[in-house]
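Chains as they are written, first to last, in my numbering: chain C, 1 to 198; chain X, 1 to 198.
Treat the hints with care, as some may be off.
Computed list of lysine-lysine pairs in BS3-like fashion (alpha-carbon distance at most 25 Å, straight line) [claimed, not checked]:
no., chain 1, residue 1, chain 2, residue 2
1, X, 24, C, 40
2, C, 59, X, 10
3, X, 158, C, 100
4, C, 158, C, 77
5, X, 54, X, 40
6, X, 59, X, 38
7, X, 24, X, 40
8, X, 38, C, 59
9, X, 126, X, 161
10, X, 40, X, 10
11, C, 54, X, 38
12, C, 54, X, 10
13, X, 97, X, 59
14, X, 100, C, 24
15, X, 54, C, 38
16, C, 38, X, 59
Cβ-Cβ distance ranges computed for the label pairs, FRET-style [unchecked claim]:
no., chain 1, residue 1, chain 2, residue 2, range
17, C, 157, X, 116, 31 to 39 Å
18, X, 97, C, 98, 19 to 27 Å
19, C, 120, X, 145, 57 to 65 Å
20, X, 53, C, 98, 38 to 46 Å
Bear in mind the hints are in silico, worked out from the structure with no lab data behind them.
A virtual CB, placed ideally from N, CA and C, is assigned to each residue, including glycine.
2 protein chains.
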Amino acid sequence: MDLYSGVLSKLIEEFASLPGIGQKTAQRLAFHMVNQPKEKVERFASVMMEAREKICYCKECFTLTDREICPICADEKRDHSTIMVVETTRDQAAYEKTGKYDGVYHVLHGAISPMLGIGPNDIRLKELIQRLEKDVDEVIIATNSTLEGETTAMYLSKLIKPTGIKCSRIASGVPVGGDLEYIDEVTLLRALEGRQEL
Amino acid sequence: MDLYSGVLSKLIEEFASLPGIGQKTAQRLAFHMVNQPKEKVERFASVMMEAREKICYCKECFTLTDREICPICADEKRDHSTIMVVETTRDQAAYEKTGKYDGVYHVLHGAISPMLGIGPNDIRLKELIQRLEKDVDEVIIATNSTLEGETTAMYLSKLIKPTGIKCSRIASGVPVGGDLEYIDEVTLLRALEGRQEL
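All chains should be built: construct the whole structure from the sequences, respecting the hints.
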């Protein structure tokens, strides 16, 4: 599209490269941007770079954070003997939002998917197993209720069982095929309550 | 939302401040961003600032461009005696895409709207009238077919008529490929009124 001047086309292209943003939306966003006060655009740009710069993995649970140890892992009031295993930081945030879970997390950053060629070594599984050497009472597997999530849960439970640590799976009150991130809090809590030992 | 670390929340907030981007989409975009290679994020940020910095109004037609005179106005092959009046640069781009219009444009950057308190002096109307002092044969009013667009068209035609310059309005009717059954009554009546002999 050379309908717009060079730098505007470039900005539209950048927006269109974002996931779920089509050409029309990208145009709308780009025009919005160039009509904003200069300070606002600069703040956006700098926040973007700062986030990319500072965000790293928590050394404990591997969630995305801007500290060495994330606030949840650093919180001594939380129950460090219960670990909830989730696929992504967004899934973690979904459970955090319920405000009822006071254990800690482990973020796998993905799920086992033979289809996509993602094996156990491609996600943060090894790191979870290492954490189990510490004082852990229960591992709650809260991977998504998808094929990949279930596969990961099965694989994980088989790894954990020999250690004697209690291992549970959130209940399938979560609709099959659903993504944790988009599910209402009541359902999330129902699933937590109904967890079953594997 | 303090579910995420400070800088991540800030980035989500920035994305959520964009028009049409909700909280969930903003989260998705922010996570996408921090997972991108650093160069990509830097390029996005710099394109954003560069666009905001360089984009200005064409001195002739007031479209958004990065030059003093936009490529269309600077193009001597185009018919400078025909001016199409549009509300936004995006509307201009829509007509440019057809590839069949070879006149020039005038971008009003809005439309008269008593409801929103936008009067004739708040859009680039004066500048259009000034352009009419040059050698202009026809003004084609291509504002949107909304209440505001129609109001602007009416106002404009009254201004132009005394000058003796030909003044036309793009046709309003059933869109090509449109099914009569799904088209609103006002459009149907407009199409009937505007019927042309075959």
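Evaluation of the provided hints:
no.	hint	result
1	X:24 to C:40	holds, 22 Å
2	C:59 to X:10	holds, 22 Å
3	X:158 to C:100	violated, 66 Å
4	C:158 to C:77	violated, 30 Å
5	X:54 to X:40	holds, 21 Å
6	X:59 to X:38	violated, 37 Å
7	X:24 to X:40	holds, 22 Å
8	X:38 to C:59	holds, 21 Å
9	X:126 to X:161	holds, 15 Å
10	X:40 to X:10	holds, 19 Å
11	C:54 to X:38	holds, 11 Å
12	C:54 to X:10	holds, 12 Å
13	X:97 to X:59	holds, 22 Å
14	X:100 to C:24	holds, 21 Å
15	X:54 to C:38	holds, 11 Å
16	C:38 to X:59	holds, 21 Å
17	C:157 to X:116: 31 to 39 Å	violated, 60 Å
18	X:97 to C:98: 19 to 27 Å	violated, 48 Å
19	C:120 to X:145: 57 to 65 Å	holds, 59 Å
20	X:53 to C:98: 38 to 46 Å	holds, 44 Å
Consistency note: the structure conflicts with the earlier hints numbered 3, 4, 6, 17 and 18.
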